[in-house]
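Make a model of the complete structure from these sequences and hints.
The listed protein sequences derive, respectively, from chains A and B. Going by this note's numbering, the letters in the first sequence line up with residues 648 to 926, in that order. Going by this note's numbering, the letters in the second sequence line up with residues 3 to 181, in that order.
What the hints contain is simulated information worked out from the structure, not anything from laboratory work. Bear in mind the structure is a predicted one, so any value in this text is a computation, not a measurement. Glycine included, C-beta positions come from ideal geometry on N, C-alpha and C. Warning: the hint list may mix true and false statements.
If you want the ones that stay clear, here's a sample from chain A, every Cβ over 12 Å from chain B, calculated [what the hints assert, rightly or not]:
hint, residue
1, S653
2, S658
3, C668
4, A694
5, T697
6, A702
7, E732
8, L735
9, N765
10, V779
11, S780
12, K783
13, G792
14, G839
15, A884
Listed below are the simulated DSSO-like cross-link pairs for lysine-lysine, each with C-alpha atoms no more than 27 Å apart in a straight line [claimed, not checked]:
hint, chain 1, residue 1, chain 2, residue 2
16, A, K923, A, K871
17, A, K709, B, K141
18, B, K116, A, K822
Stretches of chain A that chain B covers, calculated by requiring three or more beta carbons in the stretch to come under 8 Å of a beta carbon on chain B [what the hints assert, rightly or not]:
hint, region
19, 681-693
20, 706-718
21, 749-763
22, 889-897
23, 910-921
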Amino acid sequence: MRVMQSEEIESAIYRLAEEACLHLTPACETALRQAAEKEENISTKFALSTILENAEIAAKEKMAICQDTGMSVILAEIGQDVHIEGKLFSDAVNDGVRRAYEDFRFRKSVCDPITRVNTADNTPAVIHTEIVSGDKITLTFLPKGFGSENMSRTYMLTPAKGVDGIIDAIVDAVKLAGSKPCPPVYVGVGIGGTFDTCALLAKKALARDVGSHNSRADIAKIEKIALERINALGIGAQGFGGKTTAIGVSCEYAPTHIAGLPVAINMQCHCVRCAKTVL
Amino acid sequence: MQEKAKTVRLPITDEQIENLKAGDSVLLSGTILTGRDCAHKRICAFLDEGKELPFNLKGETIYYAGPCPAPDGKACGSCGPTTSARMDSFAPRLLDLGLKAMIGKGERSEDVEKSILKNHSVYFAAIGGAGALYGNAVKKSELVAFPDLLSEAVYRFEIKDFPCVVAIDCHGGNIYKRK
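Written as structure tokens, this is what we have:
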């Protein structure tokens, strides 16, 4: 058994928040550069060049890439041979978020759903924990903006719909979202499980690098076909029209019930921010 | 980068609005007000109750945005546009009160489009996600109303060379409907 102090978790979250909110992931930046090279429409080209210029300014001047520094989503894989000493795990995470959002002047965007009163420190974080083997803790920090989160959808398909139905659902969600989620988007898809696990899989899919593929060939094929169909929609960067409406489709799956085929689409704007560490 | 961006001074004039066409690149300079979800709800509640607003909307430009806190030495933190569609249910009412221009991101409802035509106003699209770049274009920031709303409060910004694209013009042109 390995003993870990909760301070180690708290300071890791603090560093991840900084890294994630100030930088695009390298894979996302590469995809955006490639998209910019392909466009001919002046407004669309302008949108993409502005986005890339912004990323440089944010990194250089230590300003948040996007003012929507999001809800702090943390995916934690906790080795069952780790014993945490000190604070409760969730308290350590929330304290790391609280300190980072204050120190780096990130926007506090969390509020009560009814009164809309802001919690003023961006907590509580959204924490998904999974117990895994080993004595390490893997932490992934996804600052999730809501322009794109609002455009997410769940489809409870019938098994008869099959692979074509899954692809139709993905394309439909992106089409309905139009210009609102800040395209070109990164599309996280959960396939299977129950209503809830399917949505969580879609979120986890967004933690995968832009341009990566599912290791299962039939799932990777869904990613590829869905991306081609999305980019044929012509929505383009910021909805100004163009060749790149999505920079990637990432699917994760889980076994489901014989009566169902849940599909969840979690939309991510072009500003793909994600930082990971292993403790 | 853009080559033929038109310079637009704010507050905007009817003549300037007349000359803008959907798809035009513009650089905005002058003063604007910020306002997003909660501020709009509160503005409309004030109007419903017949109370006077703490600021005048006539001739103004509103920016759908909620900034990050300002870093040391800067007027404003990151401050890109938020999704305008969430303000669609409020916008026609504000345009009828004399609001002249809106800055945000993404398409608008039919009602907002009609109101833009009726009121001879304009909707500018800023580039969503470019928060740091827009934050740097804010040269002065002053809290105007609703401080309890934190980043959602109404601020008056002085902006310089704030890059936008004309999204919906006063002649019915709409960049989101171009083919």
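| request: State the violated hints by number, sorted upward, taking the hints as numbered earlier in the document. | output: 3, 4, 5, 6, 9, 13, 15, 22
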